[in-house]
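Here's the letter readout for the chains.
Protein chains: 2
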Amino acid sequence: MPSYTAPTKDMQFVLHDLLKVTETGIPGYDELEADFTSAVLEEAGKITSEVLAPLNPVGDTEGCTFENGVVRTPTGFKAAFEQVKEGGWPGLDCDPEYGGQGMPYILGTAVGELFSAANQAFTMYQGLTHGAYSAIHAHGTDAQKAKYLPRMVSCDWTGTMNLTEPHCGTDLGLMRTRAEPQGDGSYRITGQKIFISAGDHDMAENIIHLVLARIPGGPDGIKGVSLFIVPKFLVNDDGSLGGRNAVSVGKIEEKMGIHGNATCVMNYDGATGYLLGTEHKGMRAMFTMMNEARLGVGMQGLAQAEIAYQNALAYAKDRLQGRDVTGAKNPDGPADPIIVHPDIRRNLMDQKSFAEGARAFLLWGAMLIDQSHRSQDADALGLISLLTPVIKGFLTDKGLEMTVQAQQVYGGHGYIEEWGMSQYVRDARITQIYEGANGVQALDLVGRKLAQDGGKHVMAFFEMVKGFCKDNAGIEGMAEFTEPLKKASKDLQAAGIYFMQHGMKNPNHALAGSYDFMHLFGHVCVGLIWAQMAKAAKDALASGASDGVFYETKLATGRYYMARQLPATALHLSRIETGADTVMALTTDQF
Amino acid sequence: MPSYTAPTKDMQFVLHDLLKVTETGIPGYDELEADFTSAVLEEAGKITSEVLAPLNPVGDTEGCTFENGVVRTPTGFKAAFEQVKEGGWPGLDCDPEYGGQGMPYILGTAVGELFSAANQAFTMYQGLTHGAYSAIHAHGTDAQKAKYLPRMVSCDWTGTMNLTEPHCGTDLGLMRTRAEPQGDGSYRITGQKIFISAGDHDMAENIIHLVLARIPGGPDGIKGVSLFIVPKFLVNDDGSLGGRNAVSVGKIEEKMGIHGNATCVMNYDGATGYLLGTEHKGMRAMFTMMNEARLGVGMQGLAQAEIAYQNALAYAKDRLQGRDVTGAKNPDGPADPIIVHPDIRRNLMDQKSFAEGARAFLLWGAMLIDQSHRSQDADALGLISLLTPVIKGFLTDKGLEMTVQAQQVYGGHGYIEEWGMSQYVRDARITQIYEGANGVQALDLVGRKLAQDGGKHVMAFFEMVKGFCKDNAGIEGMAEFTEPLKKASKDLQAAGIYFMQHGMKNPNHALAGSYDFMHLFGHVCVGLIWAQMAKAAKDALASGASDGVFYETKLATGRYYMARQLPATALHLSRIETGADTVMALTTDQF
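So the sequence lines, in the order shown, correspond to chains A and B. According to my numbering, the first sequence is numbered sequentially starting from 1. According to my numbering, the second sequence is numbered sequentially starting from 1.
Note that these hints are calculated values from the structure, not bench results. Please note that a few of the clues may not be correct.
Since copy identity is lost for identical chains, a pair holds within one copy or between any two.
[As the list claims (entries may be wrong)] Below, in silico cross-link-like pairs of lysine-lysine (DSSO-like), each with a Cα-Cα straight-line distance of 30 Å or less:
id: 1; residue 1: Lys46; residue 2: Lys317
id: 2; residue 1: Lys9; residue 2: Lys85
id: 3; residue 1: Lys329; residue 2: Lys281
Being a predicted model, the structure only gives us computed values, none of them experimental.
Construct the complete structure from the given sequences, taking the supplied hints into account.
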């Protein structure tokens with residue numbers, strides 16, 4: 001049976017050895033002492049390993065059901081949700097004014113990885129609520145915040161995000177859902193939304209839907225879209241629940257994975273809604289929380305890779321098959337454990353070096369978000385805006401790849417549902433699609449983010465890499481990190497230069513390379529963070545850290561990434577430099 | 001709803017423009033005139049599009065059931081199986097002496113792609129039967145052949161292959177199933193086999209299980225394994241069915257995909273079996289048909305990529321979202337079809353250039369098998385033995401990757417089961433695992449095949465590439481094919497040299513690079529075949545072929561592969577040349 005152990009030690013390393021969070025000066029980070037974060041992570045590790053992970057296959061097998069208009073979650077979900085609420089986990093990084101614990105986002109992200117790894121479908125109920133909370137927190141009136149936020153922070157009420165319609169997903173300018181003003185400040189919302197995660201269920205008293213819709217008479221296209229609060233049950237001024245709103249579930253979807261989360265078709269039939277933020281500025285309101293939402297999806301990709309890796313590793317140590325060609329390692333047994341075989345090692349090292357590198361990259365990203373919010377640091381905001389599509393696209397693409405590799409370690413047993421490896425692959429697959437498909441992330445990166453603020457942020461990134469290499473290349477044993485990093489960074493710069501030189505004449509020369517650029521950038525980021533981790537590990541060893549093996553392992557894992565993964569940058573560059581010619585050579589009819 | 005159209009035109013191009021089958025002098029190939037193969041492929045296209053493809057989602061949704069010891073296939077499978085039998089499809093390339101049509105294996109492979117694409121789970125029932133037929137045909141006595149083959153050729157009886165046991169898959173030397181001689185020439189077979197595809201079902205009168213088992217007193221390990229015929233119903237000497245044999249289904253597995261095929265746990269409780277071939281030479285008997293079986297799995301990988309591509313393409317032409325950045329292509333509509341976007345093009349071109357290249361590579365491989373069998377050509381046998389693990393491993397890895405990319409074109413709709421894209425991914429996934437997991441293919445390639453016959457076959461392959469480049473580099477427009485091919489082939493040679501220089505000292509230096517080598521080799525093969533197809537297309541254009549657009553499209557698609565895919569060889573080489581050091585750096589405990 002699949003199992004899960006929270007990688008708390010590795011998280012502590014990232015928070016304290018690598019990012020040195022308490023020394024950053026970011027408001028609130030002084031609370032993140034090692035003992036404290038350790039206690040939080042251990043506690044989160046307990047509930048995720050003991051409660052959520054065992055429910056993961058249950059959710060996958062049973063799925064949600066929809067009968068007589070009622071959506072039911074799988075056996076055990078409701079009780080577990082109560083436990084999660086009692087632990088105060090949903091409000092960990094929420095505003096204390098509304099009952100949250102006010103912890104930095106970085107801690108919420110670390111805990112979020114544990115929850116997502118143990119049970120992605122389950123964790124989405126609170127994840128979507130957090131997204132809706134953030135939107136209301138950022139754009140709501142004081143009255144709206146007072147009315148909705150305390151119950152959402154506690155997850156007594158959950159939330160959803162309603163963007164997609166049957167004929168539009170990426171291109172939301174085509175949206176048709178209407179919002180007609182009623183004269184009393186409220187609107188009547190009419191239309192159909194699809195793919196609404198956690199759209200309905202039996203675990204909360206109320207569900208607060210955030211719905212994008214068009215107010216008649218507004219501008220065409222994306223500039224005429226507004227955001228509305230549409231509660232499942234109307235909320236009276238005293239906070240008690242009123243009548244049922246005219247919103248209902250049309251059906252729940254049969255999906256490849258995340259079966260434990262109800263993906264709903266939502267029908268709004270003149271439902272009462274309340275404007276959130278400004279008329280026609282709905283997309284802007286959504287975008288203010290896009291960095292967090294997309295970073296959260298990148299985190300899911302990493303999380304599935306992590307749990308899949310843990311189980312692949314356990315199997316590789318346990319399964320006896322064949323002999324080590326350099327001499328039997330289990331001579332008294334019928335065969336050696338398959339972890340002795342170099343190709344199994346390669347597979348496991350791919351996974352391990354990805355998971356650890358991605359985790360550090362992600363937590364660094366979360367720190368930049370804290371820095372931008374808590375320290376009003378515009379440069380940090382610019383940098384995380386640039387890195388967000390990379391985190392989302394690269395970590396989820398690699399996340400799927402790694403779950404597939406983990407499944408492969410099991411051979412035929414990996415294909416059988418009872419071993420659980422199939423679920424990780426199927427659940428990870430959605431992360432490449434939702435919250436903006438990865439092709440859209442690549443477009444966002446190359447079409448918008450690269451040139452943002454005159455290219456200031458990408459230049460700052462290059463300076464950061466250059467500075468790190470310059471400062472550390474001379475340190476013994478660091479050249480095997482800084483040299484490949486320099487090479488990879490040069491590939492990234494060359495790609496940027498190619499886009500500048502050719503994208504002006506024909507934007508397709510840039511767009512045809514956008515996906516490769518996203519991966520190239522991802523590798524450079526993870527390469528940079530591995531080089532930084534190597535330095536942190538060396539420092540710890542030099543200062544006589546007690547757990548020397550941990551730091552030596554960290555160094556060896558980093559060396560693997562630099563030797564075996566980072567060189568992919570050259571391939572991506574070579575593709576980018578072929579431009580759009582072969583990509584766009586065919587007419588539509590020639591396909 | 002997903003649909004399927006047989007790519008008969010492309011197959012005709014491969015058979016007649018590229019391979020020029022009727023000019024090869026291979027016995028039986030004179031029958032493969034263009035009109036004839038076209039008629040066969042069109043007819044196969046009809047039954048696969050009209051009968052098998054519509055059943056594909058039915059099989060996926062319903063799956064097989066197991067109740068009271070009886071396995072039932074999904075609704076419609078039995079009737080469709082009757083239609084397939086009536087069409088004589090299972091015996092297409094079987095021996096006429098037993099009722100087959102005696103067609104070359106290459107034609108069986110082309111038709112096999114159509115069947116597998118339309119319905120992989122369904123087609124496996126006849127595919128496994130074909131494998132068992134081949135084993136009995138190659139190793140059976142005249143009496144055995146007369147008794148079993150005619151009904152297997154017609155698929156009145158189906159067949160299975162029983163290798164895996166709970167504790168052994170790759171390492172069959174650990175096998176425990178026993179075969180005790182009964183003194184009357186028969187054996188009592190006792191043991192449990194798992195993952196038996198088509199192990200039981202309701203579509204055939206009898207099932208002929210081929211079972212690997214150990215005769216007591218024989219050598220230990222893999223050298224003491226023999227192969228047995230174990231019929232579900234014993235067969236009387238007059239060919240009528242006798243009593244039920246002591247073989248039963250323990251359970252059927254819940255799997256990630258191929259739900260329409262019953263994957264069974266088979267219990268042999270003193271079942272009557274008959275030795276096939278020689279005592280203790282069971283593995284050798286299995287290996288004589290390994291090339292075909294593995295090529296057949298590579299074909300499945302390609303087939304899923306093809307049907308996924310067809311549906312992704314249809315969606316990309318239909319779905320309106322966003323605008324072409326270089327100017328609207330559907331100005332009167334609300335948006336442009338997504339095929340205008342460069343990143344969607346990149347995605348589709350990856351798929352198209354893979355499917356067409358893989359098809360040609362596969363049919364060339366099938367021709368080598370015919371050449372080795374029908375012309376007793378030892379060099380052809382040596383070459384296809386070398387290429388078999390490449391075909392199996394590379395085509396199935398890329399096959400999965402391409403189905404994932406096809407699914408991605410659909411965005412959220414790809415994740416919903418109703419659109420059918422998820423099934424292609426889930427079905428394709430098994431091809432990387434069964435018939436020898438892809439890591440085992442890489443091991444076979446590097447550990448055995450490279451050095452076979454003193455490395456003669458790999459040298460012949462290099463000569464073939466070199467010769468082609470030399471003969472064609474000077475032809476106008478061919479340099480853009482021969483130059484990248486030369487470069488890629490040089491990478492492959494460099495990898496081989498690395499293995500020779502370092503693998504001697506420590507075999508792990510070769511094995512740690514085996515997986516990358518398999519992919520490197522796959523790219524060179526597909527690159528070679530694309531260069532050859534380019535030449536064939538140029539020749540056709542030069543000779544004034546009527547369908548010029550088809551050949552121009554072929555050239556443009558080939559250019560894409562050379563520019564965007566083939567350069568992956570450099571990355572694989574760079575990984576290989578890092579050897580085993582970083583791969584094997586950790587002790588087991590350090591993981």
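### Task
With 30 Å as the alpha-carbon cut-off, assign the pair lysine 329 and lysine 281 to within, between, both or neither.
Classified as between; 29 Å across copies, 65 Å inside a copy.
### Message
Treating 30 Å as the Cα threshold, decide for lysine 9 and lysine 85: within, between, both or neither.
### Response
within (25 Å within a copy, 61 Å between copies)
### Message
If the cut is 30 Å between Cα atoms, do lysine 46 and lysine 317 qualify within a copy, between copies, both or neither?
### Response
within (24 Å within a copy, 49 Å between copies)
When each numbered hint is compared with the structure, no violation occurs for any of them.
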